[in-house]
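Visitor: When you get a sec, could you build the whole thing from the sequences and use the hints?
2 protein chains.
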Amino acid sequence: MNKIDIDSYRVKESITLNTAATFENFDADDAKLKKKLEKIRRELGEFQDVLYAHGKYSVLMCLQGMDTSGKDSLIREVFKDFNARGVVVHSFKVPTALELKHDFLWRHYIALPAKGKVGVFNRTHYENVLVTRVHPEYVMGEHIPGIHKVADLNDAFWEKRFEQINNFEKHIAANGTIIFKFFLHLSKEEQRQRLLRRLNLKRKNWKFSPGDLKERKLWDRYQECYEDAINKTSKTHAPWFVIPADNKKAARLIVAETMLQELKKYKDIKEPELDDKIKANLEDYKNQLEKE
Amino acid sequence: MNKIDIDSYRVKESITLNTAATFENFDADDAKLKKKLEKIRRELGEFQDVLYAHGKYSVLMCLQGMDTSGKDSLIREVFKDFNARGVVVHSFKVPTALELKHDFLWRHYIALPAKGKVGVFNRTHYENVLVTRVHPEYVMGEHIPGIHKVADLNDAFWEKRFEQINNFEKHIAANGTIIFKFFLHLSKEEQRQRLLRRLNLKRKNWKFSPGDLKERKLWDRYQECYEDAINKTSKTHAPWFVIPADNKKAARLIVAETMLQELKKYKDIKEPELDDKIKANLEDYKNQLEKE
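Residue numbers (full-length UniProt numbering), protein chains in the order written: chain V, 1 to 292; chain L, 1 to 292.
These aren't lab readings, by the way, just hints derived from the structure by calculation.
Please note that the accuracy of each hint is not assured.
One copy or any two copies: either way a pair holds, since identical chains are not told apart in the list.
As the list claims (entries may be wrong) - Below 27 Å or equal to it, Euclidean Cα-Cα: the simulated DSSO-like pairs (lysine-lysine) are:
#1 K3 x K232
#2 K249 x K202
#3 K93 x K207
#4 K217 x K207
#5 K204 x K291
#6 K291 x K188
#7 K56 x K39
#8 K248 x K93
#9 K12 x K277
#10 K32 x K149
#11 K207 x K264
Since we're looking at a predicted model, the values are computed, not measured.
Guide: Written out as C-alpha cells, the structure reads:
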C-alpha cells in the first residue's frame, strides 16, 4: 500500500474543509489496512512503555468530529496495544453545574494526563468554540462576567477564546505535554448513511437520539466553526490534523501513524538509567539473592 | 485444557496462604493458555460495551500482590480488548501530602469508577492494612486522632480498619459497584528468580530498586498480614480470589475467566431500550434522512 504522508493532513497555514478529503483508502483493501494498523499500534504500545518509564512527558490526544465520525471506535482500535495503566480517556459531555462554576478550561485542565501517561480527550476544550458557538444560548448558561446577552458573543469574544486556548496549549506544551489534535472529517452524505444504519439496525437503535438530526441541520454552521477554530489554533507545538473519516479503517491508520511518527522525534524519551550508586552495587545485590 | 474452576480460588471462609497453590498451568502449554485468554478477553470486551451502554453498574477490580507478582503485565494483557474509554487504572503509590490530610480511604473513594466504567486499582486501599501494618512507622505519618505512638497500632486498631474497609465495600456494592479482589499469590522462590532477572538483564535493570530486597526480607510478615486481611474482608459482595501467580499466563487467564463468569451473572446488564416516544417516531426519522 501507499506510504502514509502524515504532513498531508497537518494544518500548517490554513485549511478549507470544503475541499479537504473526507475519504482515503491508500489503494488497499480493509485487510491490508487492518494489518498495517496492527503493526503500528504494537510500536505505539512499545513507545508507551518507554514514555511511562521515562516519566517526563505526557501525551495529549484531542479528538473532535461530528456525530458518528467514529471517535469512540477509533479510541478502541488505536489504543488496543497500550497498557491500560498508561491511558486515560475523558469523554467530555454537557458541563455539569460544578464545572460551570469554573472557567471553561478548568474541567479540561484537571483532566490532563500525568507525566508518563497518554491522555485522550474524546471531544475537547474546543467544544467551547464549536457547540457553544453554534448554540450561543448554551454559553449564556456559563455566567461569564460581562456577557449578558447573545449579542455579547461577538467576534471579539470568540477571538479571546482562541487566544486563551492557544495560551493554554502553549503553556502545557512548554511543560512537557506533547499535543495532537485530530479532526475526523466526515462527509455529510456518510453521516446520513451512518445515522440511517443506527435507525435500521435494531441493536444499534439505542444509540440514536433525535438531537442528532437537529444538529445535522446545522451542518454548515458547524463546518464554518470547525474551520475557523482549526485555522486559528494549529501551531507547531499543537498541530491540527484533518483526517478523512468516511473510511474508518484508514482514519484510524492515519491517526496511529501520525502519533507514531511524531513521537519518534522525541529522541530523549528513553528508559531511565539506573542510579549510579545502585549500579555500583548491582553485583552485591545479585550475590545476596543468589546465596539465599 | 482443563476447565477453570473459579470457585477453587475464591476465599469463602478462610484461607491459609502457606498451603495455597502458587503455580497453575492447567496441563496446557503457553500457546494454549494464550489462545484461551484471547477468547475470554474478547468476550470481556463485548461485555464492557454493554456495561458502558447500560450505565448503571461499575466494576472495581482490586489487584494486590508482592513485588514482581505481575500486576502491571496482567493489567496490560487482560484489558487488551477493552475500549480504553471505559477502563480507568489507578496505581496507588506512597500517599502524597494532600492525601495524608484526608482519611485513608479518601484517595480511593475519589478514584472509584463512574457508572458504566471498569476501574482497576493497581495496589489498593488494602495497602492500609498491609504495607502500613508491616511498617507501623509509615502509619505514624498519617496523623490519626488518638494514634500517638507505634504501640497504639494494636490489634484493635487493625480490626477497626478492617471494619471500615468492609463498610466501605458494602456501601459501594449496594450502590452498584461490582467488586473483585485478586491476590496474586507468588512463591518466595519465584520472586527471587524474577528479581535476579531484573538484575541480570541490562534492559530490565532500571526496574530494580534496593528497596525490593529490603521488603523481601519481610516476606513472612507480609504473608501473615495478607492472610489476615484476606480472611477478614472476603465477602459475598466483595470476594477475594487467591490466584497462583508463579505462571503469569495462567494467572491472567484465571483472573479474566473469573471476571467473565461473575459478570455474566448480572442478567440485567444489557443495552438500554430506546425511549418509547423516540421508538414511536423511528419511521419519521428514517424518512427525514432518506428524502434528504
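Visitor: Now, for every hint given, state plainly whether the structure supports it.
Guide: Cross-check of the supplied hints:
1. K3 x K232: Neither: 29 Å inside a copy, 59 Å across copies.
2. K249 x K202: within (24 Å within a copy, 39 Å between copies)
3. K93 x K207: Result: close within a single copy only, 15 Å intra versus 39 Å inter.
4. K217 x K207: within (19 Å within a copy, 55 Å between copies)
5. K204 x K291: Classified as between; 21 Å across copies, 62 Å inside a copy.
6. K291 x K188: Between. Shortest inter-copy distance 14 Å satisfies the 27 Å Cα cut-off; intra-copy 70 Å does not.
7. K56 x K39: within (26 Å within a copy, 36 Å between copies)
8. K248 x K93: within (23 Å within a copy, 39 Å between copies)
9. K12 x K277: neither (47 Å within a copy, 47 Å between copies)
10. K32 x K149: neither (53 Å within a copy, 66 Å between copies)
11. K207 x K264: Answer is between; shortest inter-copy Cα gap is 23 Å, intra-copy 38 Å.
Hint violations for this structure: numbers 1, 9 and 10, all remaining hints satisfied.
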